[in-house]
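A.B. asks: This is what each chain is made of:
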Amino acid sequence: MTVLFSVFLLTLLVITAIAAVQSRNLFVSVMLLGIFSLLIAANFLLLDAADVALTEAAVGAGISTVLFLGALALTFEREHRPTPHRWLSLAVVFAATLVVLYATFDKPKFGDPGAPVQVHVAPWYIEKTPEVIDVPNIVTAVLASFRGYDTLGEVFVVFTAGIGVLFLLSASHGHAAQRRPDNGDESKIGLRNDLIPRVVGRLLVPFILLFGLYVQFHGDYGPGGGFQAGALIAAAVILFALVEGEERTLEAIPRGALLALMVSGAMLYGLVGVAGIFLGGEFLNYSVLADDPIAGQHLGIILIEAGVGLTVTGVLLSIFHAFAARDRF
Amino acid sequence: MQAVLDIISWLLLTAGGAFVLVGGIGALRMPNLYTRMHAASVTDTVGAILVLGGIMLQAGLTLATIKLAAILLFLLITSPTASYALANAAMIAGVKPEAGRAPDTEHDS
Chain A
1 MTVLFSVFLL
11 TLLVITAIAA
21 VQSRNLFVSV
31 MLLGIFSLLI
41 AANFLLLDAA
51 DVALTEAAVG
61 AGISTVLFLG
71 ALALTFEREH
81 RPTPHRWLSL
91 AVVFAATLVV
101 LYATFDKPKF
111 GDPGAPVQVH
121 VAPWYIEKTP
131 EVIDVPNIVT
141 AVLASFRGYD
151 TLGEVFVVFT
161 AGIGVLFLLS
171 ASHGHAAQRR
181 PDNGDESKIG
191 LRNDLIPRVV
201 GRLLVPFILL
211 FGLYVQFHGD
221 YGPGGGFQAG
231 ALIAAAVILF
241 ALVEGEERTL
251 EAIPRGALLA
261 LMVSGAMLYG
271 LVGVAGIFLG
281 GEFLNYSVLA
291 DDPIAGQHLG
301 IILIEAGVGL
311 TVTGVLLSIF
321 HAFAARDRF
Chain B
330 MQAVLDIISW
340 LLLTAGGAFV
350 LVGGIGALRM
360 PNLYTRMHAA
370 SVTDTVGAIL
380 VLGGIMLQAG
390 LTLATIKLAA
400 ILLFLLITSP
410 TASYALANAA
420 MIAGVKPEAG
430 RAPDTEHDS
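Residue numbers (my numbering), protein chains in the order written: chain A, 1 to 329; chain B, 330 to 438.
Don't read these hints as lab results, they were simulated from the structure.
A hint or two may mislead.
To be verified - Not everything, but these chain B residues come out facing chain A in the computed CB check (under 8 Å):
id : residue
1  : I406
2  : T407
3  : T410
4  : Y413
5  : A414
6  : N417
Unchecked claim - To list a few chain B residues with every Cβ distance to chain A over 10 Å, as calculated:
id : residue
7  : M330
8  : T343
9  : V351
10 : L357
11 : T364
12 : R365
13 : A398
14 : A419
15 : K425
Remember, it's a predicted structure, so these values are computed and weren't measured experimentally.
C-beta: ideal position from N, C-alpha, C; glycine also.
Isolated chain A, as found in the complex (with noise of 0.2 Å):
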């Protein structure tokens, strides 16, 4: 039954994104990206990867789409003319295309108990958290803690992109021409003029800010961490830009305090590794933070999730500002 389902869902994907690719209409296309990551989402989740689907459902349906909406605002809604080596690319996808189904073949079946991913390091991780760390959700202890360093390297690829997307934001203009004129046009104004629009989002962003910081705090114990509830929380305060306009959104959170929520993440990171070293232990062995390991533990991943959300959601609403603020390329 969850084989076939999978199955269908997997169909769905692969129409998806034959539209998405077909279209014409760029805004065609980003719609049908986030049904993409919706559905690959579900598909996660019927695999038991309720942490991936929470991230694929909050990054790619949700704050993704807004971002290509805002590019595509600043950009065309069409897609210009294809380029005339239409026959090369179809030769290069068709032999990757065969490359892979080749690859496939190497694979274990679905489900395999003696897959290599079963019996590996995977069976090690859930003896060893119970005793060692001492959380219910192992995804959390293999990512915070036994692969804190990949962890370490996602946070500064995300705080890099956001510090690079910036950069190429506010690279040909000056600071001051960047801003739109304050002429008090619609999109200035959000949906303050639009009652029920603006009721609902009020009404609804304190809910997600909720949302978004029980999924960061109850990532020990349940599908969650920074990652997501980083995203969750970006999404609300887009969501407040989106009915009381950027203005009033920027008033609230200035811009300098999102490259300081950026910086302070990867840096709390970063310190709680080099605290491990202080205490006597080694980087991003939270063991020696307290007298007790497993306390240690818990403290050290509350810790580096924390930052890990602080560098998230600082820098989507880092691009997401970037963006609203562009008037033109």
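Take the given structure of chain A and dock chain B to it, following the hints.
C.D. replies: Here is chain B on its own, set in the frame of chain A:
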């Protein structure tokens, strides 16, 4: 008792599925944007109530039911708002509601 709950739950789920199907067919077959939206919005109001109600009966009196009720509450607030915002945006963009088959330029695909 359990059997009765099961039967009611399956009836709700089937009815919900039927409404979602009708909404989907309507979204494809209706002549213009507003009637299509009207058909599609059945999916996330009546469809959602029936399907989530059916799942709640399956879950019984557990934490899952409370979560489902919260989801239903938020869906019932957000979905009609989304439909309203869509209709409003179409209105501002100059799509006139009119009876009968509208010209093809109205829906941009």
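A.B. asks: Are the hints correct? Go through all of them and say.
C.D. replies: The hints, checked one at a time:
Proximity of I406 of chain B to chain A holds as hinted, the smallest CB-CB distance being about 6 Å (cut-off 8 Å). Against a cut-off of 8 Å between C-beta atoms, the interface hint on T407 of chain B holds, since the closest Cβ of chain A lies about 7 Å away. With a cut of 8 Å, the hint placing T410 of chain B at the interface with chain A holds, because the nearest CB-to-CB distance is about 4 Å. Interface hint status for Y413 of chain B: upheld, as the beta-carbon distance to the closest one in chain A is roughly 5 Å, under 8 Å.
Below 8 Å, beta-carbon pairs count as interface contacts, and A414 of chain B has one with chain A at about 5 Å; its hint therefore holds. Hint status for N417 of chain B: holds, given a least beta-carbon distance of 7 Å to chain A, under 8 Å. Distance check on M330 of chain B: its Cβ is at least 26 Å (rounded) from any Cβ of chain A, clearing the 10 Å threshold; non-interface status holds. Chain A leaves T343 of chain B outside its interface by the beta-carbon criterion, the shortest separation being 17 Å against a cut-off of 10 Å.
Distance to chain A confirms V351 of chain B as a non-interface residue, since its nearest Cβ pair spans about 20 Å, more than 10 Å. Separation of L357 of chain B from chain A is adequate, the least Cβ-Cβ distance of about 14 Å exceeding the 10 Å criterion. Consistency note on T364 of chain B: stated as away from chain A, and its beta-carbon is indeed over 10 Å from all of that chain's, at 20 Å minimum. No beta-carbon of chain A comes within 10 Å of the beta-carbon of R365 of chain B; the shortest separation is about 15 Å.
Here A398 of chain B stays apart from chain A, with its beta-carbon at least about 14 Å from theirs, past the 10 Å limit. Every Cβ of chain A is farther than 10 Å from the Cβ of A419 of chain B; the closest lies at roughly 13 Å, confirming the non-interface assignment. Interface exclusion of K425 of chain B from chain A stands, the closest Cβ pair being 19 Å apart, more than 10 Å.
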